[in-house]
Amino acid sequence: MAAADSVKERAQAIRAKIVRMAHAGKTPHVASALSCADVMAALYFNVLRIDPAAPQDEGRDRFILSKGHGCMALYAALAERGFFPAGILDEYARDGGRLAEHPAPHCVPGVEAATGSLGHGLSLGAGLALAAKIRQYSYRVFVLLSDAECAEGSVWEAALFASAQGLDNLVVVVDYNKYSAMGATSPYLEPLMEKWKAFGWSCLEIDGHRVDDIIAALSRVPFEPSQPSAVIAHTVKGKGVSFMENDLEWHYRPPNEHDLTRALDEIEGRQP
Amino acid sequence: MRNAFIRGLTALAERDRRVVLLTGDLGFKIFDDFAARFPGRFYNAGVAEANMIGVAAGLALGGLKPFAYSIVPFATLRCLEQIRNDICYQEAPVTVVGVGGGYSYGANGPTHHALEDIAVMRCLPNMTVVCPGDPLEAELATLAAGLHAGPLYLRLGRAGDAAVHIPPLSFSIGRAIVVREGRGCALIATGSALPVGVAAADRLAIEGIDCRVVSMHTVKPLDEALLRGCVKECGALFTIEEHSLIGGLGSAVGEWLAANGIGCLLRSYGASDRFAHLCGGQEYLRRREALTADVIAASVRDALKEWVRC
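Going line by line, the protein sequences match chains A and B. My numbering numbers the first residue of the first sequence as 1 and each following residue consecutively. My numbering numbers the first residue of the second sequence as 1 and each following residue consecutively.
Mixed in with the good hints there might be a few duds.
One-sided excerpt, in silico: chain A residues whose CB lies under 7 Å from chain B [stated by the list, open to error]: (1) Leu118; (2) Ser138; (3) Ser154; (4) Phe161.
Pair by pair, the computed Cβ-Cβ distance ranges are [as the list claims (entries may be wrong)]: (5) B:Leu80 to A:Gln56: 56 to 64 Å; (6) B:Arg37 to A:Ser186: 32 to 40 Å; (7) A:Gln56 to B:Gly280: 49 to 57 Å; (8) B:Ala159 to A:Gln136: 31 to 39 Å; (9) B:Trp307 to A:Gln56: 39 to 47 Å; (10) B:Ala159 to A:Ala2: 31 to 39 Å; (11) A:Gln136 to B:Leu80: 54 to 62 Å; (12) A:Asp95 to B:Glu224: 50 to 58 Å; (13) A:Arg49 to B:Leu143: 31 to 39 Å.
Think of the hints as simulated: they come from the structure by calculation, not from any bench. Don't be surprised by glycine CBs; every beta carbon is placed ideally from N, CA and C.
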C-alpha cells in the first residue's frame, strides 16, 4: 500500500503513458482516460488487494472499468503496477496487438472484464460481488462508471439489484467529468448523488483529483453495513494537460507530436 | 418442458454446488422447491433482464454456473447485447433459458411469441443453441448444459408438451437423435415442432412413405455427420420448426448444404415473415402458418413426387 505522495507520482506516470498511447495509437478518448488517472492510481497503488504475481488468485479484489473507452488509463495503471511489461503498451491500437481501444477479455493479466458498450460493467460487478457472497470470499468489487454512462437504464437495474441483495462488497466510483460525447451531463444527471441514495446506496461525494480524499473514501467501504457504496468523484475531463481540460475536442482528437511534447512537459513538470 | 427443466436443474444442483438459478420475475411457485432446497442459489432478479444477464455473466466470471430464466423474447432479445458482450464475448459459462418457444404463449400475442430467437442466438460467436423436442429431452439437455463449458441457449416449450421419447434416452449436445428410421425422406425437426414431425411421419407411413424422423435438438452446432447420412440414405430433407423461416433450423441446414456443395431436395416448414395480428392459441397459430402434421405430410408427399419427376 503506497502513501499518498507516491500515489500522486504514479498518477502522473499513468498520465504520461496515456498521452503517449493516444499519440502512438492515434486514438480518441485521451481526455476520458486522463479524468480517471488519479482514481486509477489510488485504486492500483493503495486500495485494491491485488498481487500482480497472482492475477488469477480467487480472493483478489476485482476492478471493472465500465467506461471501457477509458482503457488507456487501465492499461497504463496495470503496466505501472507490474501486471505486464510496459513494452506491451506499444501494442495499443496496433494491428494484431493485444490492447484494443476497448478492453478485450483476458487481453492482458489484470483485465477482469471486457467492456466497451456502456452500462454493462455494474451488472458484471454485481454478479462478481454476489459470487463472493455465495462462495464466501471476502474480496471487494470496484466498478468505475462514467457520468454519461449513468443515462443507461441497465445501470439503474443493476443499482436496484445490488442494494436489494445487500452487496456491501460492491463499490461504484462515478468519474463525474461533466461531459458526455456530445455535451454537458449535469443538466440531466443532477442531483446525481440523491439518485444513488434513492436506489439504496450509501454515498460520498469527493474531489476525484485529490488523491488523499480518494484513498480516504475508498478505504472506508462499505460506508454502511449491508449496502453497496457509491463515490461520486468530481473530475475534470482531460485533467493534467491544461489545453485538454474541459474541451470536448479531446474526446475525439489524438495528440500530434507537438501536442505530445507540450502534454508531457506539463505532466512531468518541465518548463516549456 | 418447464417442469422437466426444473427436475433436471434440481438434479444438477444436487451434485454441482456452482449451479445458481436467476429468474426475471417469472415462474410463480415452480421454483419454490429449488429455492428451499438450495438456499442462496436462487435469485429473483426482478423485471430487469439486461441486468439479470450481466449478473449471470459476473457470477460465471466468479466461478459459478448460472442459469438465467425468462420467457423467450425477454431472455434473448431484451438483453441481446448483454448476451453478446457479457456472455458470448467473454465465453462465460452461462445458460440462458427461454421458456415458451414458438407459439407456446399463443394468445399472449406477438410480444410473447418466440420466432426469431434461434436465428439471433445462432449468429452469436461461442453460443451453443439447444431446443429440446420433448420433456425428456428438456430434462437431459438441462443436465448436459450443466456440464457444458461455454455459453448455451436452452429453448424450452411450456407446460404440457407432448412426450416423444420413451426413457431411457441417450442425449448429447450436438448429436441429433433419430426418432424413427426410414429411407423415403428425412423429416428433421427442432424444439416443440418435434411431435408435429412425428405425426406427419405417421400420416406419410399410411401412404407408404417411410420417413426418417430426426430430433435436431442442437441447432448450433449442427450434427453434420447425421445430416450427411440423411442426404446419402434418404435423399430429401424436410425441416420443421416453430420459428421464423428466416435464420432458424431450415436456414442452418440450407447453409450447410450450400457450404458443402451438396445438392439435395430441401424444403423448410416454419413461420412466415409476419406478426400474428389476430389472437389465437398455439394450435390456431400453427394452423395459420401451415405448421400441422396434415399440411406438412401433404406438402412432403407432393414435393417427393415433383422431385422424382424432374
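Cross-check of the supplied hints:
1. Leu118: Because about 10 Å separates Leu118 (chain A) from the closest Cβ in chain B, which is outside the 7 Å limit, the hint is violated.
2. Ser138: Since chain B brings no Cβ nearer than about 13 Å to Ser138 (chain A), farther than 7 Å, the hint is violated.
3. Ser154: holds, 4 Å
4. Phe161: Since the shortest Cβ distance to chain B is 5 Å, the answer is holds.
5. B:Leu80 to A:Gln56: 56 to 64 Å: Violated: the Cβ-Cβ distance is about 30 Å, outside 56 to 64 Å.
6. B:Arg37 to A:Ser186: 32 to 40 Å: Violated - the Cβ-Cβ distance for Arg37 (chain B) and Ser186 (chain A), about 49 Å, lies outside 32 to 40 Å.
7. A:Gln56 to B:Gly280: 49 to 57 Å: holds, 54 Å
8. B:Ala159 to A:Gln136: 31 to 39 Å: With Cβ atoms ~37 Å apart, the hint holds.
9. B:Trp307 to A:Gln56: 39 to 47 Å: Cβ of Trp307 (chain B) to Cβ of Gln56 (chain A): about 58 Å, so the range 39 to 47 Å is violated.
10. B:Ala159 to A:Ala2: 31 to 39 Å: violated, 60 Å
11. A:Gln136 to B:Leu80: 54 to 62 Å: violated, 33 Å
12. A:Asp95 to B:Glu224: 50 to 58 Å: violated, 34 Å
13. A:Arg49 to B:Leu143: 31 to 39 Å: Given a distance of about 38 Å, which is inside 31 to 39 Å, the answer is holds.
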